[in-house]
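Chains as they are written, first to last, in the UniProt record's numbering: chain A, 1 to 318; chain B, 1 to 333.
These are computed hints drawn from the structure, not numbers from a lab. Incorrect hints may have been included.
For each label pair, taking beta carbons as the anchor points, the in silico distance ranges come out as [what the hints assert, rightly or not]:
1. A:Leu147 - B:Asp86: 48 to 56 Å
2. A:Asp277 - B:Glu79: 37 to 45 Å
3. A:Ser40 - B:Asp86: 37 to 45 Å
A virtual CB, placed ideally from N, CA and C, is assigned to each residue, including glycine.
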Amino acid sequence: MAFCHVDHELAPVRRVAIFGGTHGNELSGVLLVKHWLENSAEIQRVGMVVKPFLTNPRAVQKCARYIDCDLNRVFDTEHLSEQETEDMLYEVKRAQKINSIFGPKGSDDAFDLIFDLHNTTSNMGSTLILEDLNDDFTVQMFHYIKLALSPASCPVLLIDHSNLKYATTRSVAKHSVGVEVGPQSHGVVRADILDNMRRIIKHGLDFVELFNSGKEFPPCSIEVYKIQEKVDYPRNEAGEIVAFVHHHLQDQDWQALKPGDPVFLDLDGNVIVYDGDYTVYPTFVNEAAYYEKKQAFIKTVKVTLTAKCIRSSVLNQE
Amino acid sequence: MVTLRRPLMLICLAGTEQVDQTLFLIMFKPLKRVVVTGDTHGNEMSGVYLAKHWLKNPSELQRETFSATPFLGNPRATEKIVRYVDQDLNRSFKTEILTSSSEGDELYEIKRAKEINQLYGPKGSTQTYDFMIDMHNTTSNMGACLIVDSTENHLIMHMANYVQKNYTLAKTPIYLYKLGDEESYAIDSICKYGLALEVGPQPQGVVRADALKHMRGLVNSVLDFIDLFNKGTAFPAFEIEAYKLLAREDYPRSSDGEIMAIIHPHLQDKDFDPLNPGDPMFQTLDGKDIIYEGDTPVYPTFINEGAYYEKKIAFAKMEKLTFSIPAIQAQTE
Numbered sequence: 001m002a003f004c005h006v007d008h009e010l011a012p013v014r015r016v017a018i019f020g021g022t023h024g025n026e027l028s029g030v031l032l033v034k035h036w037l038e039n040s041a042e043i044q045r046v047g048m049v050v051k052p053f054l055t056n057p058r059a060v061q062k063c064a065r066y067i068d069c070d071l072n073r074v075f076d077t078e079h080l081s082e083q084e085t086e087d088m089l090y091e092v093k094r095a096q097k098i099n100s101i102f103g104p105k106g107s108d109d110a111f112d113l114i115f116d117l118h119n120t121t122s123n124m125g126s127t128l129i130l131e132d133l134n135d136d137f138t139v140q141m142f143h144y145i146k147l148a149l150s151p152a153s154c155p156v157l158l159i160d161h162s163n164l165k166y167a168t169t170r171s172v173a174k175h176s177v178g179v180e181v182g183p184q185s186h187g188v189v190r191a192d193i194l195d196n197m198r199r200i201i202k203h204g205l206d207f208v209e210l211f212n213s214g215k216e217f218p219p220c221s222i223e224v225y226k227i228q229e230k231v232d233y234p235r236n237e238a239g240e241i242v243a244f245v246h247h248h249l250q251d252q253d254w255q256a257l258k259p260g261d262p263v264f265l266d267l268d269g270n271v272i273v274y275d276g277d278y279t280v281y282p283t284f285v286n287e288a289a290y291y292e293k294k295q296a297f298i299k300t301v302k303v304t305l306t307a308k309c310i311r312s313s314v315l316n317q318e
Numbered sequence: 001m002v003t004l005r006r007p008l009m010l011i012c013l014a015g016t017e018q019v020d021q022t023l024f025l026i027m028f029k030p031l032k033r034v035v036v037t038g039d040t041h042g043n044e045m046s047g048v049y050l051a052k053h054w055l056k057n058p059s060e061l062q063r064e065t066f067s068a069t070p071f072l073g074n075p076r077a078t079e080k081i082v083r084y085v086d087q088d089l090n091r092s093f094k095t096e097i098l099t100s101s102s103e104g105d106e107l108y109e110i111k112r113a114k115e116i117n118q119l120y121g122p123k124g125s126t127q128t129y130d131f132m133i134d135m136h137n138t139t140s141n142m143g144a145c146l147i148v149d150s151t152e153n154h155l156i157m158h159m160a161n162y163v164q165k166n167y168t169l170a171k172t173p174i175y176l177y178k179l180g181d182e183e184s185y186a187i188d189s190i191c192k193y194g195l196a197l198e199v200g201p202q203p204q205g206v207v208r209a210d211a212l213k214h215m216r217g218l219v220n221s222v223l224d225f226i227d228l229f230n231k232g233t234a235f236p237a238f239e240i241e242a243y244k245l246l247a248r249e250d251y252p253r254s255s256d257g258e259i260m261a262i263i264h265p266h267l268q269d270k271d272f273d274p275l276n277p278g279d280p281m282f283q284t285l286d287g288k289d290i291i292y293e294g295d296t297p298v299y300p301t302f303i304n305e306g307a308y309y310e311k312k313i314a315f316a317k318m319e320k321l322t323f324s325i326p327a328i329q330a331q332t333e
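Kindly generate the complete structure, drawing on both the sequences and the hints.
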């Protein structure tokens with residue numbers, strides 16, 4: 001039965017966390033984590049510990065994305081090693097605390113896996129975010145989740161990029177999974193969106209349980225959308241937005257945008273078209289939180305990723 | 001406002017419920033001083049961007065008989081892209097607040113309310129502007145909703161009727177917000193007449209091209225109506241359906257105020273559809289349904305509005321009624 005080369009045996013995944021409230025106004029994750037903190041039966045699996053955790057409680061209480069700065073951008077060495085001071089930003093303080101509980105990032109002591117639950121105002125459906133294209137375990141998990149959710153779609157966004165990758169909260173773990181479900185307004189919880197998020201977690205945990213039980217996962221490939229470039233809104237000299245996402249692009253996350261297609265529309269009715277040379281697949285189209293990040297959408301291209309056969313090393317050890 | 005009775009014998013019937021409204025013609029003064037505000041809530045972006053646009057280029061607000069003036073109600077909230085800075089501006093226009101004397105330690109929105117009241121009011125005085133359009137967005141699926149205080153406001157009911165007939169790219173239900181004798185706290189209550197436009201669904205902090213188009217269409221349609229009215233056009237009596245606020249429903253909460261159940265998927269996005277006794281309203285995270293136990297159908301609106309979690313409103317319960325509105329005409333000199 002063992003077709004996996006011994007090199008592809010991976011350590012079992014025993015310590016798992018589910019983060020909600022990294023952005024305090026993305027309420028599906030906030031409500032699910034609060035629920036699981038009260039009653040965790042749904043997320044427990046054999047052979048592993050699953051810890052639900054509210055990462056930014058003050059932002060949750062305020063129902064704001066963050067208090068001082070975006071928690072999901074400060075898990076870099078510089079912030080994590082910053083000397084604690086009186087006027088330290090709240091989210092930097094939180095990041096260090098999270099790193100001490102679930103990390104330290106990059107160390108053997110770090111948690112094996114973190115799911116981080118997010119919502120978007122964009123029509124991205126049930127999206128999984130992959131940070132490292134060489135992470136066979138996570139690619140295998142995404143392959144499993146995509147199959148389990150089919151025929152519903154479950155796009156994978158790959159943020160492995162030299163400039164555009166950001167230092168996420170979940171990156172303290174050995175394997176990190178971003179869960180991004182939309183469309184849902186910030187500060188609102190929709191039953192349908194919450195349910196979609198819940199399904200992803202169910203299948204993700206099922207996968208880990210199977211993996212830990214010794215099941216071998218043969219080589220697989222998945223289609224992912226690889227981040228290419230951010231696109232800002234057209235702005236005037238004062239930095240004010242002067243044109244909005246065109247109605248033909250609105251809600252069309254993951255759909256092909258071809259050269260010449262409309263992208264923005266201004267208040268005088270002028271249309272700005274996509275003037276690239278090749279087809280891209282926009283996503284995070286008109287995300288509320290990204291106006292301040294000067295991002296109207298991101299361009300992605302489709303790429304196929306292949307993961308090697310994986311199997312937990314646990315059986316050989318026992 | 002002057003009431004002209006055509007058949008004199010109807011005098012004795014005035015004030016009773018059987019009055020045949022079609023026999024009346026109500027005269028109003030023309031609406032010459034008109035203002036449009038777009039950012040009463042700083043994160044409802046259709047109005048924010050339209051008002052900013054019109055401040056730079058007001059030609060779209062000009063008609064033969066008047067020009068509407070755009071203004072920004074809450075610039076600090078707009079800059080921060082939040083609903084408000086200190087308190088909800090659109091709950092700050094009660095006479096008591098507007099005439100309070102406490103200076104210095106005032107909340108930003110109270111200060112703004114007083115300034116706006118000086119510019120376009122003062123509320124209840126003879127100097128107020130004639131009419132205010134107040135542009136809002138909602139995260140609820142309310143279409144292009146027209147918010148009127150009550151159907152006793154015949155002029156605004158005609159305006160709403162005109163908009164319904166002339167702006168047909170979205171549903172344009174009429175929401176009657178006046179509950180009992182409560183004084184209005186809304187910004188448009190400082191002018192003689194007011195109309196709030198509530199377009200959704202649109203997330204806070206986001207501009208959707210479709211919502212913006214509807215908002216713009218509504219404003220233009222309102223201005224067209226005012227122009228026709230000012231020119232002396234007679235608007236005949238009519239019957240119209242509208243939704244009147246009955247009560248507000250909160251989320252089920254725990255003793256410490258935490259929300260225990262969320263809007264049921266069957267109710268989500270069903271603004272202005274009937275909610276019948278026995279229909280599910282909420283769902284707990286354990287999958288239990290909480291049903292509507294009233295005796296008669298209600299028509300929920302503002303279902304799952306983002307800004308109303310803190311106001312403890314999961315949705316507003318409305319009744320659907322038909323009203324008979326008498327004819328109106330402008331009193332021209």
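Item to check | Distance restraint evaluation - leucine 147 of chain A, aspartate 86 of chain B, Cβ atoms, bounds 48 to 56 Å | outcome: holds (51 Å)
Next on the checklist: Against the range 37 to 45 Å, how does the distance between the Cβ atoms of serine 40 of chain A and aspartate 86 of chain B compare: consistent or not?
Outcome noted: holds (39 Å)
Checklist entry - At the C-beta level, are aspartate 277 of chain A and glutamate 79 of chain B separated by a distance inside 37 to 45 Å? => result With Cβ atoms ~38 Å apart, the hint holds.
Hint check: no violations occur; every hint is consistent with the structure.
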